[in-house]
Amino acid sequence: MSSLILTIRESVRYRGRSGHYSWIAHRLSGLAILGFLVLHVWDTANAHFYPELYAWSIAVFKHPVFAVGEIGVMAAVLYHAFNGIRITILDFKPELWKYQKRSATLVWVLFAVIFIPIGLYMFIEFTARCGELGAACWQFPRLSDFIG
Amino acid sequence: MTTVTPTITHRKVKVKFNFERYAYLFMRMSGLVLLILAVGHMVIQHVLNSSGNLTLIFVANQWNSWGWKAYDIFLLLFAIPHGINGLRNVLADYIHNPGTMKVINIVLAIFVVATVIWAAIGISLFDPEAARQAAQGLPG
Chain A
1 MSSLILTIRE SVRYRGRSGH YSWIAHRLSG LAILGFLVLH VWDTANAHFY
51 PELYAWSIAV FKHPVFAVGE IGVMAAVLYH AFNGIRITIL DFKPELWKYQ
101 KRSATLVWVL FAVIFIPIGL YMFIEFTARC GELGAACWQF PRLSDFIG
Chain B
1 MTTVTPTITH RKVKVKFNFE RYAYLFMRMS GLVLLILAVG HMVIQHVLNS
51 SGNLTLIFVA NQWNSWGWKA YDIFLLLFAI PHGINGLRNV LADYIHNPGT
101 MKVINIVLAI FVVATVIWAA IGISLFDPEA ARQAAQGLPG
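Residue numbers (this note's numbering), protein chains in the order written: chain A, 1 to 148; chain B, 1 to 140.
By construction, these hints were calculated from the structure, which means they are not laboratory data. Yeah, the Cβ is synthetic: ideal placement off N, Cα and C, and Gly gets one too. One or more of the hints may lead you astray.
Below, a list of computed lysine-lysine pairs in the BS3-like style, where the Cα atoms sit at most 27 angstroms apart [stated by the list, open to error]:
#1 B:Lys12 - A:Lys98
#2 B:Lys14 - A:Lys98
#3 B:Lys16 - A:Lys93
#4 A:Lys93 - B:Lys69
#5 B:Lys102 - B:Lys16
#6 A:Lys93 - B:Lys12
Okay, the calculated bits of chain A under chain B, using three or more residues with CB under 8 angstroms as the criterion [claimed, not checked]:
#7 14-23
#8 103-114
#9 121-133
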C-alpha cells in the first residue's frame, strides 16, 4: 500500500513537463476506458445470454451518474486515440522527436476542439431527457421489475 | 562558441521477434484500427444515437444485419487485447517480481480469450426475434 502511494506521488512529481502530462493522461484514460470496456462487453453479451438482465442494466445506465460517466468515456477515448497516434508516429519516425513538445500541445488542442462541442452536445441532450422524466430520472430501476 | 545541431543517425538493428516485440507492434497497429472502429463506435452510438434511446429493441434492430455484427466483433477483437495488454504494460512498470508478472500474464491471457470468445458467441448467436419477444412486458 505504501509503495502504491509512493508510486502515485512520484508519478505526479516527476517533472517531465508536457510529455510527462501526456504520459499520465494516456495511462489514466487507457485504464478508465478498459474499466468501462470490460463492463460494457460482458454486459452487452447478456443481450443474447440473458436479455432480461441486459434490459435492466441498460435502464440503470440511463441514470445521471452513468450519463456523466459516458461523457467521461468519450473524453478518454478521444484523448487516448489522438495521443496514441502521436506516440505511433514518433515511434516510427524518430527524426520527428524534435517536435515532441509541440505535438503534445497539438494533441491537447485537437482534443479540446473536438471534445468540447461533443461533450456539450451530450450534456445538453442528457439534461433535456432527464428534465422530461423529472424525478424518475434519478431513480434506479429495480431488478425485480425485469426478472421474475 | 559553435552550436551543435543534434542529428539522428539511422542504423539497421536485427531485432529478435519475441512476444514482447509482437505485443509492442500490436499496440500500434490495433491502435490505428481502433482510431476508426472505437471512435466511430463512440460517435455512432453515443452522439448520433443516444444511450437514452438504448433498449433491447434498439439492439435487436442494430444486430439484425451481419454488417453491424461484424463491426462489433472486429471492435471486440481489437479493443479487448489492446486494453488488457495496456493494463499489462502498466502493471509491468510497477511489479518487478518476474514470478508475479508471469502469473499476471497467464491470468490476463485467459481473461482475454474468455472475454473475446464469450462476447463473440453472444453477438453471433444473437437472435433479434428472440430479443423482441423477451422485450415484451419489460418496463422501458
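Verification of the hints:
{"no.": "1", "hint": "B:Lys12 - A:Lys98", "verdict": "holds, 21 angstroms"}
{"no.": "2", "hint": "B:Lys14 - A:Lys98", "verdict": "holds, 25 angstroms"}
{"no.": "3", "hint": "B:Lys16 - A:Lys93", "verdict": "holds, 21 angstroms"}
{"no.": "4", "hint": "A:Lys93 - B:Lys69", "verdict": "violated, 36 angstroms"}
{"no.": "5", "hint": "B:Lys102 - B:Lys16", "verdict": "holds, 21 angstroms"}
{"no.": "6", "hint": "A:Lys93 - B:Lys12", "verdict": "holds, 14 angstroms"}
{"no.": "7", "hint": "14-23", "verdict": "violated (count 0)"}
{"no.": "8", "hint": "103-114", "verdict": "violated (count 0)"}
{"no.": "9", "hint": "121-133", "verdict": "holds (count 5)"}
Checked against the numbered hints above, the structure violates hints 4, 7, 8; every other hint is satisfied.
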